[in-house]
Every structure is written in structure tokens, then in C-alpha cells.
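Note that the protein sequences, when read in sequence, are chains A and B.
Following the numbering used here, the numbering of the first sequence begins with 1 at its first residue and continues without gaps.
Following the numbering used here, the numbering of the second sequence begins with 1001 at its first residue and continues without gaps.
What the hints contain is simulated information worked out from the structure, not anything from laboratory work.
Treat the hints with care, since some could be wrong.
Said to hold, decoys possible - No more than 35 Å apart at the CA atoms, straight line, and that leaves these computed lysine-lysine pairs for DSBU-like: (1) B/Lys1113 <-> B/Lys1168; (2) B/Lys1154 <-> B/Lys1168; (3) B/Lys1178 <-> B/Lys1108; (4) B/Lys1108 <-> B/Lys1008; (5) B/Lys1008 <-> B/Lys1168; (6) B/Lys1182 <-> B/Lys1113; (7) B/Lys1104 <-> A/Lys97; (8) A/Lys97 <-> B/Lys1108; (9) B/Lys1008 <-> A/Lys97.
Each chain, written out:
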Amino acid sequence: MRSDRGQSAPFSLKLAAACGLLFLHLPILLIFVYAFTTEEKSFVWPPPGFTAQWFAVTWNRPDVWQALSLSVRVAAISTLIALILGTLCSAAVSRSKFFGRETVSLLVILPIALPGIITGIALRSAFALTDIPFSFWTIVLGHATFCVVVVYNNAVARFRRTSGSMIEASMDLGADGFQTFRHVVLPNIATALLAGGMLAFALSFDEVIVTTFTAGQQQTLPIWMLEELIRPRQRPVTNVVAMVVVLVTLLPILFAYYLTRDGDQIAGSGK
Amino acid sequence: MTSAVSFKQVSRHFGSVRAVDAVDLDIAPGEFFAMLGPSGSGKTTCLRLIAGFEQPTAGSISIFGERAEGVPPYRRNVNTVFQDYALFPHLNVLDNVAYGLMVKGVGKAERHKAAEEALALVRLPGYGGRRPGQLSGGQRQRVALARALVNQPKVLLLDEPLGALDLKLRENMQEELKSLQKALGITFVFVTHDQGEALSMADRVAVFNDGRIMQVGTPEDIYQQPSTRFVADFVGSSNVLPPDFVQRYSGQHRWGSLRPESIRVGRAASGDGVAARVVSSNYLGATTRLLLDADGLKLHAMIPAGISLPEPGEAVMLTFNRDQLHLMDEPA
């Protein structure tokens, strides 16, 4: 059903929509405002004064840098693992038929359907059971479980839209497996992988629940922020960091969205 | 002389399904060879065996005297025009055509020149800058053809290449493929389920059914002298005559076939010939096709335009020249 073009929506509907959007986004703006407040012990409204000093304070805090660097490294490595495993898995599932294919497909998607707390507890007990000490790699492993899913989903959708005989055509024309992957498969799934990879990076970057269960003493950025909220001093530092996180995660997601949107058109015109 | 393609007792089984079953086949160099059969008859699997996408479960294949088993598709001097053309959507037409040369390491200028020539050969000069998505079905087909021919294959495989085209375009492409094949002298192996296409284009035709070759021969052989009931029925819907009927006219107790155009329909209710009744008639333009019932035996007859037609239900006398009654090899 589609409303007639030119006919304006009733005022009440517009108001409701505006309220909904404000309710969703006003708190984010509040966080931005508090990044500039002069009051450091508690958040008071209206802010007693505005200052940009917290940016300098944040810049000089080594714990912020440590957490940020850990988060970036974890996200980068998890995304890399997800890209490799997700692509291979989606290629297998969409290119060939084998016993248990549907099961594999379901099991790959499961981590994102499961509540993070289940994944977290499961991983923690598994690590405990096998005497694996918590480290950078246990965090990466936890994040990779759900990062694989987004890459897999993106790649599998793209594989479905690409003609299967293209790979055979490439082989037929004299390209070996590696050349076929480089010249035919990769160009056709590249935007899907980029989009999936960016989503995976963003997911990993602000993950809290699974990380709480799989990290030892190390703090990723979101965990650091949680801890920081409890402390009474230099509160606006958290808000400054929050602003950065919003920008770092929002931009890739927007970019990924535009990429897959264009990708649809490319894939659609192919056949 | 070595065959272009030679099958010796080649089988390809998928579990219990015998897609190709003990096939012997020899295709001569420079021949336009058609593999004709209904879907699921094994003709496409045979093509894929030549291309190297399938490996035989038994038997041996050689291409110009070289054993082909275990040789991957990219090391065979054989190229395929795919049914869905399988053009690369991310490359323009020129790069599509030049792809085979590109992966072989031919320099850009040289391979683009060769690709332009191939495009000119299929009458698409100057289309190099377009994307496959901007071409019509017929144009994509030509690009697929150019992309295969640019590699100068010894054997060109065509998998139902005309299937997706409309009738007029298909007729044009048939003639064009035929003259292209004659000009280039390359062995063409052509898979089709359209008997008219096979008969009009090929030098020789192999008729497939259930993974086996029923008959190999020139289009005239196949059409005039089908060796089995299946061939008679599939190639041009011949009348298949049971042994008892055939014995009355030839003295031999064997299955026979009679082309619909060989039957003359007389309007006398008595006299010499086979008494029959007209069941229905189909007007086809140049001819009219009659369905006749001769004492339980269903027969088709083609009546050229201009001859007065009996009405459905009318009793008629059928006559034919005895030498046009073909006796099939298939045992009764």
C-alpha cells in the first residue's frame, strides 16, 4: 500500500514521527553536549558552562589510548578472521551441495541470533575447561564468532546473485583457480566483502557483553567507558570518547550501506 | 587421421544415475557435430566431459590424440559458449573477449587488438566499451562466441547457444554460425534439443537418449533412415510402425518408420491401401497435418497446401511407396 503522492500526512502523524525520532536521537546529542561541560563530577542540566578542555585531557590520558588501541586491534583482527572464514564458508554453501549444508548455514548464523550473554558464558566456560588464559586472542575469538556472520550473510547473498557458470567460463578460458578467484570471483564479491567487513568492524568495536566474559584484565574501549562512568572525576572524558566512538562506528556503517546499495545495481545489471 | 574428439566407452555416473553410459564417439577435425536429444539424455554431460568440467567414471577421452582425463579445463585447447553466456558483468565487452588472452599473459595492446578482431568477426565491431548488461540477448551471444574464438580453440563447444533467442534471431544465428564454422575450419560441437536446428546446421548428428547414443549419421541418414523407434519419433516425428504392420508390406517382421510426408491420403472409401479414418487436422501453413486412425494404429500425414482435405471423421485410403517404408535395426 502506498499513500498518494502530493497528499500531505496529517499533522498528528508528523508530530508522532518527530517525537519518535527525537526520543531516539536526543540522548545522543546530550552526550555530545556533556562533552563540553565545565562540571566534572556529575552531569547537571543545564551545564554550568562550556569548555573544550576535556579534549586535551582525554588526549593526555594513557588509559584512553590503551583501550582505544586494544579495541582497534581486536576489531581489525576479528574482521580479518571473519573475512577469510566468512568468504570461504559462503562460497562452500552457495557453490556446492553437500550433506549438512543447511545445518552449517544455520550454525554459522546462530551466534548473532543467540543473546551475547549466552555466547559469552559458553566461551568463558570453554576457555576455563581447556585452561586457556584470557588474553587478546580470547577477545578476538569471541568477537570473531559474530563478525563471521555479517561477512557470511553479505557474501552469501552476493554469491546467490552471481551466475555460477561464470567460474566455469573463467576456467574454460584458461584461468586456473587462483586467477579465477582474483579476476572473476573477487571483483564480483568485493563490495559485499567491504560492506560486511565494515559492519563486522563496527560490531566488534562497540561490543560489551561477549567481551566482559572473554577479556581478562584488559579493557576494550566500551568496557573502559563502563568503568569510567562509576568514577567521580573527569566525567566528560567519557563523553569525548563516546563522541569519537559514534563517529568511528557510524561512518563505516553509512559507507557500507551506500556500497551495498550500489552493489545491488551492479549485480542486477549483470544478468 | 586422428579424431578431434574421441570417446572410448565413456561413462559418467552420478550415484545411481547413468548420465552418460558407455558412449563411443568420434568427431572428425573441422566437423560441425550436433548432439541432439531430449533434456536429461546425457548430451550436455558429454559436452562437459569434453570441456573438462566433468571427469568420466569409466572409459577414455582424447582430444586431437591427447588423453584428456585428469586435464583441468584451463589446460585444454577447447572453449565453450555457455547456455547463459556467462559473461563477466564487472568487465566491459572488450575485456570480456580479451579475458582468455589476459590470463595467458598476453600484453594489453596485443590482446585488445585480438579482441577487436574477434568482435569484428562476430559483427560487433566497436562494442568493446559497453558492459554486458547493456547488450541484447543476441549481442551477448555474439560476445560469448567472440570470447571463445579469440583463444583459437581446436574445438569449440556450444551448449544450446540459441536456446534463449527468439525465432527470427535464431534462424539468422544458425546461418551465421554455420558460415563462421566453414570459414574458420574449427571443429564445432553443438548441443541442442531442437531437431530442426541439428538437422539444418550439422555435418553429422548424434542422437542421445538415456545416456546412450542411439544413432550417429548425417542429417539425411538420421531423418530418412532412423535406426530405432526413439530416433524415428524424436527426429521429425516419423510414424513408427509395429512389426505386424510392416510384415504385410515388406515381408519382414521388424519395426518400421514412415515419414508423414510419404503418406498419400486418398478420398476413396474402398480400393487398394490402408483403410483409415481422419481424427483431426492441424493447419500449419505450407502443409496440413492429419491425425489418422488405421484400425487402432495412430498415423500422421502431411498434406501439402492446395490439395483438398478430408473432413475429420471421414473414411480414407492411405497409400505409400514401399521403398519409403524404412525398416529399423531395432529388433522386433
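Going through the hints against the structure:
no.	hint	in the structure
1	B/Lys1113 <-> B/Lys1168	holds (32 Å)
2	B/Lys1154 <-> B/Lys1168	holds (30 Å)
3	B/Lys1178 <-> B/Lys1108	holds (31 Å)
4	B/Lys1108 <-> B/Lys1008	violated (41 Å)
5	B/Lys1008 <-> B/Lys1168	violated (39 Å)
6	B/Lys1182 <-> B/Lys1113	holds (23 Å)
7	B/Lys1104 <-> A/Lys97	holds (31 Å)
8	A/Lys97 <-> B/Lys1108	violated (38 Å)
9	B/Lys1008 <-> A/Lys97	holds (30 Å)
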